[in-house]
Structures are given as C-alpha cells and as structure tokens.
Amino acid sequence: MNKQDHLSKIMAALMDQDREATNAAVDEALGDGVPPMDILNEGLAAGLQELGVLFAEEEVYLPELLLAAEITTEIMKRLQSKFQADETKIKKRGTVLLATVEGDVHDIGKSLVGMIMNASGYNIIDAGKDVPNKKMIELVKEIHPDIVGLSSLLSTTMPAQQEFIEMAKEAGLRDQIKIIVGGAPVSRDWANKIGADGYAEDASGTVVEADMLLGRK
Amino acid sequence: MERFKILSDADLLRIDQASRALLMEVGVEIHDERAMDYYEKAGAHVDRENHRVYVPDYLITATLNKCSSSVRLYNRRDPEPIVIGGDDVYFGTVGIATNVLDINTDQYRAVLTQDLIDIIRLSDALDRPHYILVPGTPTDVPSTIVDLIETKALLMNTSKHFITEAQNAENCKRAIEMAAAVAGGLDKLIAKPFMTMLVTLTSPLHFRQDVSDLIIESALVGLPLFIESGPMAGGTGPATMAGTLICANAEILNAIVLAKAVNPEVPIIYASWARLLDMRVATCSHGGPEFAMLRVGTTQLAKYYGLPSGGGSVLGDTKSIDVQLGMEKMGTGLLPALAGTNMCTGMGLFADENAISLETLVIDWEITGWIERVLRGIKVTKETCDLAVFKEVGPGGDFVRCEHTRENYRIESFLPQIMDRGYLALDKDPLAKTMRKRAKKLFPKLMQAYKGPEIPEEIVRKMDEIIAR
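Listed in order, the protein sequences are those of chains R and E. Using this note's numbering, the letters of the first sequence correspond one by one to residues 1 to 217. Using this note's numbering, the letters of the second sequence correspond one by one to residues 218 to 686.
Just chain R, with the same shape it has in the complex:
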C-alpha cells in the first residue's frame, strides 16, 4: 500500500466512526513509515473536515461527528506521546482559548468547536461556560493563546464579546491575539462592528477561519 492508500483508508475508517478500524489503519500506516504529521493532517483531520462538510449538509449528525472527533483526539494523544522526543514531533497548528461568555451557559456548540479544532491539530484550552471577561484576560496573560474564541448563544450576552475586545485593548493584549466570535445570534456584521478578527458559523468554519487568521491557508 502506498502512502495515499494508507491515508485514504484512515480517512474512510474515521468517516465510518469505526474506532477499531481507524486505530488499526493508523498503526498500519505508521508501520509502513507514513509520517505522523501526514497521518494527522491528511488522514484524520481531512476525514474530520469532510465529516464537518457532511454535517453542514445534514448528511451526518451531531453524535456521529462528535464520536469521530473523539476518536481523532484519542489517536492524536497516542501519537503525541509516542513521538514526543522524536524529530517527527507533532507540531500544533496553534493554541486556542475558548469560552462561552459571562451570563451564558450554552456550551454544546462551543465544545463542538473545541473538539473539532483539537482534532484538526489545534491546542485547545477550554475555559468553560459563563466565564467573566476578567478571567479571560488573566488566562490570555497566562497562556498566550494565538486565538481567543468567544461563543454567545443569547443576543443578551453578545455585548460581552465586545466588552472583551475593549478590555483586551486596555490591557495591551489586543495585538497579541486573534479573536473569533460565534454563536447563534452572532453574524459577520456583528464581528466587524465590534472589531473582532474573525467569525465562523460552525465548527469546521472555525477551523477554516483560524487557519486563515494564522496565515496557514
């Protein structure tokens, strides 16, 4: 089997959300010398990306998408520990600090974004739900994320996204981070209005937006 066959096999097994088959295909590929980075990016992340598209088209549903993300995350952890010291060390695409803003406890969408981004190769720090902006500023200082993602499901909590941007400016942190906003009532217009860097309407859209903001695509 050549490299492309291995990657296709991994992708197909992941798209079937078959944990065993995906793990077996990954091991087979490693055995044949396929670089771990390629397995992650061109096998697993590509499969997940495809599932994300099918999810947007209502061909694949949420529990299956999450299962595929979970399988990917597990494999990623396994590969990371295996290649930690190696020169083939897996490079993360970037660190993302995620939160649902203060006053808002809706976090299924935000967690989905976290899982898909993580499975796509981003390092995810999930601050949780109902997170005060003050806490977020402290976390930015502490973690130095490349991207901050703020989710808000209620129109009444959307202003917290704007407030965070103002607070980041005051703290002199604005230039150090890219800010992506999302959530049901949020739009690109709103993102532009409050001076956010990006907006995404779903999990796979967030990966695309993040890649673009970090100059990866």
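Be aware that a few hints might be false.
[Stated by the list, open to error] Here's a subset of chain R near chain E, in silico, CB distances under 10 Å, partners left out:
#: 1; residue: E20
#: 2; residue: A21
#: 3; residue: A24
#: 4; residue: V53
#: 5; residue: L54
#: 6; residue: A56
#: 7; residue: E58
#: 8; residue: Y61
#: 9; residue: P63
#: 10; residue: E70
#: 11; residue: S111
#: 12; residue: M115
#: 13; residue: P185
#: 14; residue: D197
#: 15; residue: E201
#: 16; residue: D202
[Stated by the list, open to error] Counterexamples of contact, computed for chain E against chain R with all Cβ distances above 12 Å:
#: 17; residue: F221
#: 18; residue: D228
#: 19; residue: E250
#: 20; residue: D264
#: 21; residue: Y275
#: 22; residue: G302
#: 23; residue: V363
#: 24; residue: L437
#: 25; residue: G548
#: 26; residue: G613
#: 27; residue: N625
#: 28; residue: I635
#: 29; residue: G639
#: 30; residue: L641
[Unchecked claim] With a Cα cut of at most 30 Å, we get these calculated DSSO-like pairs of lysine-lysine:
#: 31; chain 1: R; residue 1: K193; chain 2: E; residue 2: K645
#: 32; chain 1: R; residue 1: K178; chain 2: E; residue 2: K645
#: 33; chain 1: R; residue 1: K92; chain 2: R; residue 2: K82
#: 34; chain 1: R; residue 1: K82; chain 2: R; residue 2: K134
No lab work stands behind these hints, which were simulated from the structure alone. Ideal Cβ positions, reconstructed from N, Cα and C, are used throughout, including at glycine.
Keeping the supplied structure of chain R fixed, place chain E upon it in accordance with the hints.
Frame of chain R, contents of chain E only:
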C-alpha cells in the same frame, strides 16, 4: 397510545340506527338491472319501476357478518402484505386531479401521462406512501381509455400495492386482465392481490351505472374494493356533520351489500371523503376542521362495524405551496391518524382535489413522517427509564457524546429531511433553505438512485394490445 375519538358510543349507535332507517325509508336510486337482481336475491326490496332499492336492517347485519376485520394488501416487492385493520395507520397518494404544478416552472398546466409516471415513480421511491391510489388523470390520452392508461402506468412503475379506477364494466375487465398478465395469471392475482379497485359513490343515495359495473366485475373475481362515499355537507349531504355522516355511512353500507351479494369473499375497505361545501366560494373543502372531524367520524363508524377504514386525509384547499398547505395537510393528516384511520389517502394532492405536484408529494412525505413519529408514542420501559446514563454524565454534563445517545437518538427522534432546523444565519437569505427549495432539491437526488420495476417486453405488448382492443 389512546385512540382519538370525536363520537361517543351513544353517538355511533344513533348514527347507525339513522343510516339503517334511511336505507329502508328513502332507499337508493339504481338503474342497473344486474345490480337490482343481486340486491333482490340478497333480500332487498327492489322497486324496478322507480329504480329504487331498499335494504332492510337485517340484511345490513347479515352483510357485515360476511366482512373481515382486516384486508391484506399485497405488493410485488415484498412477500408480506400490509394488513389493513385494527388501529394501524398507512398513508397513500390520491389524485383525480388533471392539473399539475410544474416543479421546474412553478406554473399550473394539464397533467400528461409522463407526469403521472413521474409521480408514481417518486411514490415508489419514497418509503411513504405505503400504497398508491392512482395519483393523477392524464389529459393527453383519449378519455375512453384514460383509466386503462392509468392502470398500465401503475403496473409499469410501482411494485407497491395500488388502487386503480375503471369507468365501465369493459374497462374494469381489461384492467383486471392487464394486472393478471403482470401477476402471471388471474389465480395468482386473486391469491395475493396487489391491485384494489376504487369505488366512488355519488351522494346523496344515487348509484351510478359505472359504480355497479365496477363493484360487480371486481367482486366476481374477488379483488379488494376500496369503497368510498364523499357527501358534501350543505351540498350533496345535509348541512349538519351528523347528517353528512349518516348519508356517507348509509351509502357505503348499501354498496357493501351489493359487493357481498355478488361474492361474499370480496375484501372490503370502508372509506370516506365526507366533506364540506364552502358556502362563500362554492367549492368543496378538504382542508378545514370539518374534513378532519368527518374523517375521524367515518373511521369511528368503520371501527364500530369492525371494518378496515380509510379515506381522504393529508389534504388541502390551498392553490399554492404555502403556509396554508402545511396547516391543512397537518390537520387533516394528524387527526385521522390519531383516530386510527387505516388508510389515510391524500399525499400529493392539493388545491381542493384539483392539482398534484412532485413537491407536495415530498412535503407530504415529511408531514406523514412527523405524524408516524407521534403514532409511535413514548416508549416507557425498564430500559428507557434506566438511570445509568445519568450516573455516567453527572450533574451539569452533556449527553450528546454518550454512547447511549448514539444508540437511541435515531430510534427516538424523527429526523426531518426537508424541514429547515438549521441555525439562524443572519448574514444569509432567510428563504435560502425553505421547505419548498429543499423538497425541489430532494426530488432529483431521490430519482437518481431509483430503479423501477422491470416488466418483460411481451407483457408490455400484451397490455398495449388489451388497451387497443
């Protein structure tokens, strides 16, 4: 699940008594000598001079005793029939309509044979309808053979059970001959009939020639009969709902007496389109609350007699595919279904019976899926009440990632295919994902993967010869 009822036991008894009295005191007008002979032999009073038949009470009881509580509707794809009876609900198409709302142009035009074929094939591809009542009347063929063209289109394009019509004794015989050719013999067709004959009675209390022909010819061979009566309250029936129920009920019972006099073995489905004459616009209404209530009423009457039930359902008066369509179709679909109407017949039809379309058929497929989910009820068992999953998730967690969710959500929820439940995309066109657009998109997708039944060349030739005779 508890069955929905609108009439009490006392109401049903009163309607039954009145219907029986109506048949004896007023009688039914019949001109066909053959039918009169059968009625007379069975024990009815026949006034040949005045063309009236009066069926006595005891004969109705004796006839009902010859009826089965279920009818087995076979098909040509699956050895198991659908069993019509009890409280099981099935959905079917209908369409005496001669107009089609074109899926490409959004304009009305006359139904052509190809439209009929398209709608039959779509019906065959979708899991609902469960059976196909001839869903359109082509206008591009001579009217003397239009019923035969319809039957041929059904035989050629669906392997589901279908209900067809015939306009006279000769065409009825020819339809049976065509179906027998496809079945591989009349004995095979009768043993496992995949074709039912549609009997539409005329209100009030008038038996057309073609109706007696159709009942007699079909009953002679033993094909199932879908006997329906549709008085219009205030027009061809009394303005009271109860009076219209009495009218429909008496007409159906009277027709069953003839069918069973011809052949006691003929399978019978008690069906009705009892409806309303809209006094403001002088049209026949199928989308209002009365229509849904009358269907619940006729279904209760069928069950009162222990007969399989059917009739108009999932219908609408609207002339466009709009909010009214959704409201009317859901109302006239859900209520009869909750009442346990065995054959809810109306998918695809709208514009008060005057138009069909591929889009409405897809929309009705979604509506009936919604209704089927309601009929499945809420399963309360040791398994569904198990607390293990709560313990796994704990307070404040989410269930979306649980294996328990993956195992159950598809069984427990109706997963809509054309209803839009996506997020509110503020930047995008709010009409981008309307049900109509999604229905239009689904049609070619469905048909791409579809493969219809295959009928051998020589059988097709034989059918054409029968039609051309």
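Hints the structure fails to honour: Checked against the structure, the hints that fail are numbers 1, 2, 3, 4, 5, 14, 26, 27, 28, 29, 30 and 34, while the rest are satisfied.
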